[in-house]
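Peer 1: Protein chains in written order, with my numbering: chain G, 1 to 614; chain P, 1001 to 1742.
The set of hints was computed from the structure by calculation and includes no laboratory data.
Note that the structure is a prediction, hence the values are computed from the model and not measured.
Certain hints may be false.
Computed list of lysine-lysine pairs in DSSO-like fashion (alpha-carbon distance at most 30 Å, straight line) [said to hold, decoys possible]:
#1 P:1368 with P:1336
#2 P:1572 with G:437
#3 P:1542 with G:437
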Amino acid sequence: LNALTWSWEVPELLAAAWLVPILAWSLAAAHRRLWSRSRLRWLLVSALNLLLALALASLLNPPEWLRPASQGAVLLTTGAEPAPASVGVFVTPDIETPPEAASLLLHAGQLPLRQPALGKLEIRGHGLEAAEARALPDGLDVTFQPPELEGLIRPDWPRTVTAGTPARLSAEFASQDQRPVDIELTDPGGRVIAEQRVPTGTPFQITFRPAAPGLAEYRLTVKRDDGILASEPVAIEVTGGRTVDLLVLQSAPSFEARALRRWAGDRGARVRVRTRVSEDRWISQGVNLTTEELDAEPNPALLGRIDLLVVDGRAWATLSEDRRSWISDAVEQGLGLLILADTALLETPKPGRGRVLDGFELEAQPGTPTETIPALSGMDSDMALPLAAIAIGGPAIHPMLAGASGELIEAWRDHGFGRVAVSRLSERFRWAITGDKPAFAAYWNKVMSTLARSRTPPALLAPDTNHLTRPGLLTQVCALSHGTRLQIAVSGPVDQKTAQRMAPAKLGGPRHCAFFWPVSTGWHAVQLEEADGGRILDRSWRYTYPRDTWTAEGHRIRQEATLARLDEARTSGPGEGKHVIGQRAVTQPLNPLWPWLLFLLASTVLWIERRLDH
Amino acid sequence: VSRLEATSFSRALSRLRRRLLARNGLRGLAIGTLVYAGARLGGLTASLSLAAGLTGLSLGLAILTLHGRSRWPNPERFAEHLNRRFPSFEESAQLLLPDSKQAGALRDLQRRRIEAAWDGCLGQTRTWLPRLRATPALAVITLGLVLSAGAKPIRAWLDEHIAQAGGPGDLHLPGSRALLVSVEARIMPPAYTGLPETIADQPELSVVAGSGVEWRFTFDRPGNYQLELSDRVARPLENVGDNQYAANARIEDTQLYRIHRDHSGGARELIGVYGIEAVPDRPPVVRFLPPNETLLEIARDDAPRFSTRTRVTDDFGVTEAEIRASVARGAGEGVKFRDELLAFDSSILDDNGIIYQRFWDLEQLGMKPGDEIYFFINAFDNREPDANRGRSDTVVVRWLDESTADMAEAGIAIDVLPEYFKSQRQIIIETEQLITDRPYTDADTFDDLSRTLGQDQSSLKQRYGQYLGDETEGFAPAPEEESAENHEPGQAHDEEHEEDLTHAHEGSSTDGAAALIERFTHEHEAAEIGPITQRNPVGLMKRALGQMWQAELHLLLSDPERALPYEYEALKYLGLARQAERIYTQRLGFEPPPVTEDRRLTGDLDDIEPYARTEPEANAITDGRAFAEAFQVLSRPEPLSEAGMARLRLAGDRLSQWAASRPALLGQAAALERWMADPAGTEHACPSCRRELAASLWLLIEEPEPPPDTGRRTLAVDDPMTVEYTRLRAAPASGAIPEDEG
């Protein structure tokens, strides 16, 4: 009886309500008739009336038995071996040639509906997507032995990269054949730009630098003995840099400033170089500026506009206290400051170095190497540059550039909303004049992207580095913005332009997210817009990968999602065996025959009792 | 009804029928003629037009006969017609019908009355017989025939007027676009080449520079066609009849040519963009045959005689070769030079060119021990009007004399890098170009170019090797002796790209590096140059040579992709050697006088005013940037904007310029131009073209270089949270957040 449940809803209650007065009337009549004659008989009749009422109630609203589910089924997912035809075989839509007797399941959540007494499930193939795996009912006894993966898995690369900066692509080739394989990365022009021989089953990493802004489709190919084992697309949105406003203060003319001005100016940056010729006299040179803009004194207003200030140590040491204070205030408001340390700076007593340098410990360090090869990410330049014999230290400093042997060359620390860095390096212009311009550019790009004033929001955020967007699957787009009424507009090669409102993060902050369902494969333009005025705030691109690309990774994701669901269920269920997550119980309505028989029996006995009475 | 009236009735009916037949026939014929003329004007052939005309005639006849006022009359309809026309029949003409057999007194009475009126009425033919109206029909027939006869010119006229309606600049005229049906190009190479005339039936041509080309284009329709070469001057095509048009031009450079069709309203229709590769007549190649050393020393006691064999090759023929020699005599400031023009003793024609020989007797040249002679060979080909000149390496011959041991140290400029000699960077550039052009180059040409580059690499390797003691080449002396005696750092070179700092210093690094070794050997105790020994230039140079060996190997095997990394390594080591040399030079040569802050700040600066100078915006767009911007436009699957089209045009212009020196790019330049002329149409016809164009542009983009960029942090000053925080921090002490806790 413990397994018997009898739940009553309002309609059934209303339907059975008439039994109550009838039962009461029957009991009262029996009481009048039999109470004085035989109380035992009265009890018997009352009990029979009660059973009769129960039987009628059971016929009206049958109680349910909770019974262990005992039926078994086989679910064929992608990659499954063909199963023999039988009644309990279900297939997911991605099975191209299902067995004849198999039933098609559009979603795994349909399983308990299609086979209510399902107790055991064997999943063959690579398993289910995460959303479907979550729909498997608890208590189901599931057997899942995923097949071996064959192909490129665990791809990871930044979906958005600035042109010329290094991008790292990592992945792993999974195969039963454990011989090493050759990895090739081909650029959008079809040129092999990286080659590696790697062991099977071991993660590998390739660093490359996209040449130009645009939508670049690379291709990662795995070869062995000149045969292609796998070849997958690697789509990257390559962006250009953003316009930077630079100010250089120097105590004397230098090649350093000249090379910086030429390089940054040629690439659209607004560059001011102020060279001190006397205590109160400066020569100003600029590029991409009007004369009025160039004439502007470096007062708080100007410092509030520029993004990065580069000052040599001597110029810094001889700046007036007022100016250093302005700069300090500007850095607190977001300005980036790079101080090129030299002996003049070192000889200045610490209290006179200004507030922004309070956090740095700068000390003379005789005997240190006078030159080093700076380690620039993604660059193989081995040109040695001179170093000032200064040790940089202090609390909460972060290394910005180190030498080939690990010595600290440049470090930065936060100062308000801005950043201050101190550099020991000099003669960076050597990179530029000896034909190693990429190294020069990489150095200054790193300095600027680390230190210069941030102008991020509103901006769309790049997708996760390991996420593959697929057609028909929910895709999240997030953005940073201080506005509240935002939307994204998505348009693809075939998809019509659709707009989705963005929801702010529940915990507050500038993060907003929305979802869209790409229909077609290829590049989709995503625009961040104001929901009211429709003003475009930012624009980005997302690539939707065809189903037949990165298939091994798709299989791996399915396997992991399915196993994770089984593990999750196992911890909450009674089962202990591998991939067995317990005994599922199902409820079955009571067979109406039993209350009918009870009704017949009770009514027959009551009829006999009345006949005996007569 | 009497027999007489019945016959008369039938006769009248027949007459009416004949009249209607004639009238409908004429009208049907007019319709048929009009349909025929319309079909001809629409461009259908004569037989199809005739079929259409006959169909029109049949349909017209059928419609006219079955419907309307001219439909075919039967007796009942004729009687009705008579009732309408003659009131005297009192709506009873049906009683005259031959099969009207109903009897009755009233009917007979009425019949008699009608019969009485019959003859009178029948005589009024104008009333009951419809008029033929032949004139309008014949006019329409005449018009149709005229239109049919003038269908061709009328169609051309209509096309022009439709195009005019499109407005100027409208290049796309769906439905009226002229087609180039065929091309015949007669190519007449310059006479001096001795090549025969050829006829090409493709618009893409490859000709010897200076060739004349006579085109005959056949279009599907007449029009005002123009030919536009790289000078962008429109040359009208001459109509030679039957939709054929002729033009001719002399082709000196590789270029694109375009065919336009100009419409009367100024609209221009692009018919096609094609490329002509002008294969240049290359200058003669002059190479010394082994032993091909460039430095020969003859001992004082040896016989001052030697011989040289030089092979001169040219693509079309060598006309002349001469020896330019300079004899140096004397020492120090007393050295005197004498220039001489010498001839060869003999020449032999072999499969690979002409071998010139000369036997040298220094005594016959008036030389004595201690003298030197420098000579090189000039060879001229048969190019007209100006012959190409090829120049050999310079050979230095020394007739040694003990007393002149130090002469070379005084520094004699020796041209160690002849014109044909390519630098390592140039080899890299050309290797990269070769790899890029591979998809557009046939296999034989590719192999030839790769092997040529391999030979250039070999020459460069030998040149450097000679001065570093590479024993595999000739009898070059030990590096120390050679470099110390003959070459000083900083000797001048006539490399092809002097403007390139890296490039220009490669040659000097050879001599400078070799000289450095000598100096290091003897001056290692000098404090100024101590650190440099950490980077031994000679070691670096030798590493560069090792890389050059590998690069040469792969280039000769037509595998430039594998050669490229070695070429880069070689360049890197050359650069490092050069850098070591520069450090050395700087420390000895440039020691600026100390300028102290005190001295600078205490000077009289009254006359010095601050000044500001701003440079104009750096708008010079490099080729690489133009290609990068075009790639960006093409890579995005979205409609082309005006700005995007402008970027593509710029890239197209640059690509055309590049194609002049790299014919493999000609096809890409033409494809880009065709795509720009009709982006939507091309995309529809060839969905992958846009991506292919983008890919080809990607290959032309310069080495990637990170741009200036701003910081990328999520925390910003204008964040509302930040603003609020700042406001609270700036608030007086009574604020919610104490200063030191904020």
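Peer 1: Any of the earlier hints contradicted here, and which numbers?
Peer 2: Hint check: nothing fails, all pass.
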